Amino acid sequence: MDGVGVQSWVILSAILFVLGLFCVLTRRNALGILMGIELVLNAASLNVVALAHYASLGRDGQLFAIFVIMLAAAEAAIGLAIVLGIYQSFETIDVDATDRLRG
Amino acid sequence: MSPTTVVFYLLAAFTVASAFGVAVSTHIVYSAFALMGTLLGVAALYVFLGADFLGAIQLLVYVGGILVLSLFAIMLTHRIADVHVSNRAVGRVPAAVVALLVFVGLVRVASRAAWVVWDRQALVPTTAAIGHAFLGRWLLPFEVASLVLLVALIGAVVLSRKEVRP
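Same order as they appear, the protein sequences are chains A and B. If you use this note's numbering, the first sequence corresponds to residues 14 to 116, in order. If you use this note's numbering, the second sequence corresponds to residues 4 to 169, in order.
These aren't lab readings, by the way, just hints derived from the structure by calculation. Given the structure is predicted, the values throughout are model-derived calculations rather than measurements. One should not assume that every hint holds.
Which bits of chain A does chain B cover? Going by a derived footprint, with three or more residues having C-beta under 8 Å, they are [claimed, not checked]:
(1) 30-36
(2) 41-48
(3) 98-112
Glycine included, every Cβ here is placed at the ideal spot set by N, Cα and C.
Only chain B is shown next, with the shape it has when bound in the complex (with noise of 0.2 Å):
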């Protein structure tokens, strides 16, 4: 095995064992900690693919940000003291077959599918040809993107407000 494919199985299963702590684990604010390995480890699988914008944009927006507002959310909406019951998990079997029948469906479309491998292209920096595409061909998702954030951030303010009856 070259060194590039044991760096490539070291993230897939630093990736896969933080997000089975994500999806099993009893506590709500460990979830969470899984969550941050899972979301660094896909990070560190993007630069692998040679997309380090795209790398450090995860590590902004999911771990700077994403995860720091579920944070936030959690201390919120638990009282210190109640720990034991904070991440209530029901109907696991039932729950484990049909993902593992989604799972068997999808290895097997993997494994039988004919894929088509172009010639792969050389690790160069994308930031620059990510703004270019931004401000070009990308330009309309790229304005109506912006005004979903605009939307979505009036929305959070009136939806968490505390409302007040005159």
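Pulled out of the complex, with its shape left as it was, chain A reads as follows (with noise of 0.2 Å):
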């Protein structure tokens, strides 16, 4: 059909997650780490679709995409409303400034 094979479509995936992975570790805001695991998490779920496109898997690949958004979703929710609790004992989301276990 086209002249992109499945080692473009790996390679590409690698470029986002080794992206989203930089993002996680050098960030220190934890809403910049949150956005650095939705790349990571993009990242996995193009894998998935792109190699179950190129496998004849069916509709399985999308589905398991699927299946990632809505845990991205429902991680998201949680992650933000801990993100705003930390915020209202601590007064940052610095996450080196945030060592205290007792509030």
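Both chains are sitting in their own frames, so use the hints and assemble them into the complex.
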């Protein structure tokens, strides 16, 4: 059909994954870390959908990606609620400054 | 190069450039808007792979839901005045080394693996097939997913409400 091989997709999602990993490792803002996690999740689902497309696995790859998106929505809701709770008790969301367990 | 290949590389370049913006931007709001570019690019790539329903879901849930929620959280946790301290990043050199090592490993695996490619499916609408799959073979994960979303909803409400001590 076209000249785009399966390797191009795998390397594209590897680049997205590595950028998300870099974001998670360097950010000290809790919201920035959550954005890095979203990048990693997108890279994983893109990989699954591309491989299912090239391996004729029917719709199963897309169903996996839909479940990943659903879990990412749940994770974002809970994660942002936790970040807001941290902000209420610490007045900051810098993860280096929030090192007390007792509120 | 065929036009399809050109479109793929344009979409891939847009997605990677936006993801780079998310990873290195110095302002958290710029990061959020760069994340929107990445999510739009990934949605377009899903459509490129023949997953039209998945692309629409990506737009609705990620761009319309998660990203807006993130922007709300940014606005609620930052004073508008302190823009310059909002997205501190530390340890960039070790993190870049780790990321580079992981990337080299992934690319070596991708280039050495013997990929077996079947004949790909024709590009047909997928929505009806996905609906039948959800109410057939994938019914149990589908119902568990609704339970997970309910629990996440209640948990988010409990976590983010103001605590009132009697």
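- Checked against the structure, which of the hints given earlier come out wrong? none
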